[in-house]
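K.L.:
One-letter residues, chain by chain:
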Amino acid sequence: MKTLFRHTAKISLALAALLLAACSEETGPVFQAEGFPEHLSDWRVLSTHDGVLELNKGVVPYDLATPLFSDYALKLRTVYLPKGEPAIYNAEDAFDFPVGTIITKTFFFPQTSAEWDGNVSYGEERTVHDGVMPLQGVRLIETRVLARREDGWIALPYVWNEDQTDAVLKRAGEVVPMTLHRPDGRAEAFPYLVPNANQCAGCHATNNTTRAIHPIGPKARNLNKPSTFAAGMNQLDEWRLLGILAGDFTNAAAAPKNAVWGDETASVDARARAYLDANCSHCHSDVGPADTSGLDLRPSVALGPKLGFCKTPIAAGSGSGGRRFDIVPGEPDESITLFRIETTAPGAMMPELGRAVSHEEGVELIRQWIDEMTGSCA
Amino acid sequence: MMSFRMSAATLSLLALAACAKETQKAEEPADASYQDQLQTALLDAKPGDVIEIPEGRFSFDRSLSLTVNGVTIKGAGMDKTVLSFKGQVAGAEGLLVTANDFTVEDLAIEDTKGDGIKVNEGENIVFRRVRVEWTGGPKTENGAYGLYPVQTKNVLIEESHVIGAADAGIYVGQSQNVVVRNNKAERNVAGIEIENTFDADVYDNVATENTGGILVFNMPNLKQPGARTRVFKNKVYDNNTKNFGLPGTAVSNIPAGSGVVINSNDYVEIFDNDITGNKTANVIIASVFSSGLSQEGMTGDFDPYPEAIYVHDNRMSDGGKNPDGLDFQALKVAMFGPLGALPDVIVDGYVDPAKLVDGAVPEELRICVQNGEAEVLDVDGPNDNAKPRLATAEHDCALAPLAPVVLANGLGE
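Which chain is which? The protein sequence lines are A and B, in order.
Just so we're aligned: the first sequence equals residues 13 to 390 in this note's numbering.
Just so we're aligned: the second sequence equals residues 6 to 418 in this note's numbering.
Calculated directly from the structure, the hints in this document are not laboratory data.
It is possible that part of the hints are untrue.
Residues from chain A that keep clear of chain B, each with C-beta distances beyond 12 Å, as calculated [to be verified]: (1) P73; (2) P110; (3) E136; (4) D175; (5) H193; (6) Q211; (7) A264.
When the alpha-carbon atoms are kept at most 30 Å apart in a straight line, the in silico DSS-like pairs for lysine-lysine are as follows [unchecked claim]: (8) B:K326 to B:K240; (9) B:K158 to B:K51; (10) A:K182 to B:K79; (11) B:K228 to B:K360; (12) A:K117 to A:K182; (13) B:K238 to A:K318; (14) A:K182 to B:K91; (15) B:K79 to B:K238; (16) B:K189 to B:K158; (17) B:K85 to B:K189; (18) A:K318 to B:K51; (19) A:K117 to A:K87; (20) B:K51 to A:K117; (21) B:K85 to B:K51; (22) B:K51 to B:K144; (23) B:K79 to B:K144; (24) B:K158 to B:K247; (25) B:K144 to A:K182; (26) A:K269 to A:K117; (27) B:K158 to A:K318.
Where chain A lies over chain B, by a calculated footprint (3+ residues, C-beta under 8 Å) [claimed, not checked]: (28) 235-247; (29) 388-394.
C-beta: ideal position from N, C-alpha, C; glycine also.
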């Protein structure tokens, strides 16, 4: 009896897969309206074959002016919206995406050996031509899916398999041991963290009272930059022309804009504030999980105690690093802010999750920002 | 749920079997395979579920988290079910809860890199018979808080045991309607700390061998100040552990040998406690000006003055005999002689000039001490300690008693 049942189940699964496959060739991604699909391929947003990663029809790659730092992982971000249903523009928050939206972020690393052995290095972000990104020399680690269902967003982490043919759902998260080789030859072993599904919400539930999950990246100020994927065009304009963005928005010139953190033609202040926005403000806002600290790092907050200026910590514990104030103007090495973004001790570092090595170039920017401040903490 | 419970039971049998083979001395090795299972159970939990963790030692290399309302996590006892985070590589706490109607009981959390159990926003929160311990004793690198509800409402912490926190063992922050009772806090920087919290009753606890026993604080730059805490029937003795908090943390300025410390909070009643053997002072009442904060770093709406503090009918003895820090030592020798002791109660002397009526603090906002033989020392903080003086008579007054905290929704019944 049992055996028979199993066979039946297998057959119906196989049938379902066939049906899905047939279907998707015409329709692009398959929105999963419920449950926890076991494989990334169930969504049919992207696939790998012949040494490339290919986006399905209707899947749009995008990037951000200043992104979140994640242990030097390279990232490929995509968005897919149901046909004819654009996201609605918002000048401040993430856009309002329709039910059926699938956002993915794939994390990958340049590997230093031909065979994957956990050794990784810095690398340039890869671009996508005609929906195809070459995978030569890189290792896919995980793809995180944010999907907008009827009752809200769901966040699911998928970890790529040994053969790099598909990624498997790991709701409980995972630690991947790696060794980072920096450009100057230093090597450091670190535990790369694939977050569990709750930890996804730890960042994406940007309001700790409602706890609704939202995208963080696709905001006007992050997307407002020359498109990497459509030459000669601003990315917001690209979204509008593609029909995936509508609402109270005519052109990018009038939209808010974050600096590119590494763009030395921009002011240190603009770059530092963009960096703090991308790396901190999803928690450190007036309603986020870190509102318990009294520290608000959104770009709209003026320099003062709320931004950390001469502010004593509330519950930093070892995160104080033995320093008295978050920001001591002109004294980066006396500033807790710098210590917390520099340290890799789990109980002290910021962000609390998603970073296991120090982002030395980002730290340098914040160091310069604090160094250029004037005043004192009397 | 069902399958989880079954496999948990199986694990428990395995753990027991393993245990039987161990010699008495060797610590049972922690089981790492349980991590994903428990985290998945937390992800799959439904309101009303009781997640039972069997007897045994289980090891975790990253934080656990729960976001589902109405869940109880229950172990087999705080010395039987041990979640060890000794090998933790990620996460700022052992267990992070962002949910309402949460109960955790009968288990232990050991050696987290950051906090033990943090509940960030939630109503109806119960910690019962939970041990949080840093097993290497008091060390600066230990995690900050043991039991850490913040921005919570209707909270009960009872019969728990917290050891070795580098900030506060039991820390209730920015909360409302809180009962902390029958707990033991030892060898932390602060044993029990109530911060920016409205309506807390702290009673029948033991706080010993901390740097400071029981703290009631208000910190600037937060969404709510705090007021109305009753500290009573506690045993607060020998809190003389050298301060091992990192500079910059709020508690790092607490002198070793502090019994009960009030900082910038209002409407605090301290009564019927046994407060003894705390070598700096049995009770310290201070403003934020005495705790090393920057005026630049404070939003303008913060009230730094401790007001309406009432200390009465405690049993205090053996305090102030060997105060922490050169200033206090010098003060002691100058005022009370080399063999003398600082008085039981120390105040820093800051009062809100805006509230003075004919040069005096209004009666209902005074610091009142009516405690038998206990004397009050005013260290004259506003004048850089130029003229410290015995001020027992100035503080000989009474305030209306505070109302007891009544927990809602049947908590603690």
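K.L.:
Could you run down the list of hints and mark each one as holding or not?
P.N.:
Okay, the hints, checked on the actual structure:
Non-interface call for A:P73 relative to chain B: holds, since the shortest CB-CB distance, roughly 29 Å, exceeds 12 Å. Listed as a non-interface residue, A:P110 keeps its Cβ farther than 12 Å from every Cβ of chain B; the least gap is roughly 25 Å. Every Cβ of chain B is farther than 12 Å from the Cβ of A:E136; the closest lies at roughly 27 Å, confirming the non-interface assignment. Taking the minimum C-beta to C-beta distance to chain B, about 22 Å, the non-interface status of A:D175 holds against the 12 Å cut.
At roughly 20 Å from the closest C-beta of chain B, the C-beta of A:H193 stays outside 12 Å, upholding its exclusion from the interface. Non-interface call for A:Q211 relative to chain B: violated, since the shortest CB-CB distance, roughly 6 Å, does not exceed 12 Å. No Cβ of chain B comes within 12 Å of the Cβ of A:A264; the nearest lies about 36 Å off, and the non-interface call holds. Between the alpha carbons of B:K326 and B:K240 the distance comes to roughly 19 Å, so the proposed pair stays at or under 30 Å and holds.
With a C-alpha separation of about 21 Å, the suggested pairing of B:K158 with B:K51 holds against the 30 Å cut-off. Note on A:K182 and B:K79: the hinted pairing holds, with a Cα-Cα distance of about 25 Å set against a maximum of 30 Å. Restraint check: the Cα-Cα separation between B:K228 and B:K360 comes to about 23 Å, which is no more than 30 Å; the hinted pair holds. Restraint check for A:K117 and A:K182: the C-alpha separation of about 15 Å stays at or below 30 Å, so the hint holds.
A hinted pair counts as satisfied when its Cα atoms are at most 30 Å apart, and B:K238 with A:K318 does not qualify at roughly 39 Å. Restraint check for A:K182 and B:K91: satisfied, since their Cα atoms lie roughly 23 Å apart, inside the 30 Å limit. Pair hint B:K79 plus B:K238 holds up; C-alpha atoms about 29 Å apart against a cutoff of 30 Å. For the hint linking B:K189 to B:K158, the alpha-carbon distance of about 22 Å falls within 30 Å, and the restraint holds.
Pair hint B:K85 plus B:K189 holds up; C-alpha atoms about 18 Å apart against a cutoff of 30 Å. Of the supplied pair hints, the one linking A:K318 and B:K51 is violated, its CA atoms being roughly 38 Å apart against a limit of 30 Å. In summary, the hint linking A:K117 to A:K87 is supported, as the alpha carbons are separated by about 6 Å, within the 30 Å threshold. Distance check on the hinted pair: B:K51 and A:K117 sit about 29 Å apart at the alpha-carbon level, within 30 Å; holds.
Restraint check for B:K85 and B:K51: the C-alpha separation of about 26 Å stays at or below 30 Å, so the hint holds. A threshold of 30 Å between alpha carbons decides the hint, and for B:K51 with B:K144 the separation of about 38 Å lies outside it, so the pair is violated. In summary, the hint linking B:K79 to B:K144 is supported, as the alpha carbons are separated by about 29 Å, within the 30 Å threshold. The straight-line distance between the Cα atoms of B:K158 and B:K247 is roughly 33 Å, outside the 30 Å bound, and the hint therefore fails.
Proximity of B:K144 to A:K182 is assessed by CA-CA distance (about 35 Å); at most 30 Å being required, the pair is judged violated. Annotation: proposed proximity of A:K269 to A:K117 holds, straight-line Cα distance about 22 Å (limit 30 Å). A threshold of 30 Å between alpha carbons decides the hint, and for B:K158 with A:K318 the separation of about 25 Å falls inside it, so the pair holds. With 0 residues carrying a beta carbon less than 8 Å from a beta carbon of chain A, the segment 235-247 of chain B misses the three-residue requirement, and the given coverage is violated.
Residue count for the segment 388-394 of chain B with a Cβ under 8 Å from a Cβ of chain A: 0. That is fewer than the three needed, and the coverage hint is violated.
When each numbered hint is compared with the structure, violations occur for hints 6, 13, 18, 22, 24, 25, 28 and 29.
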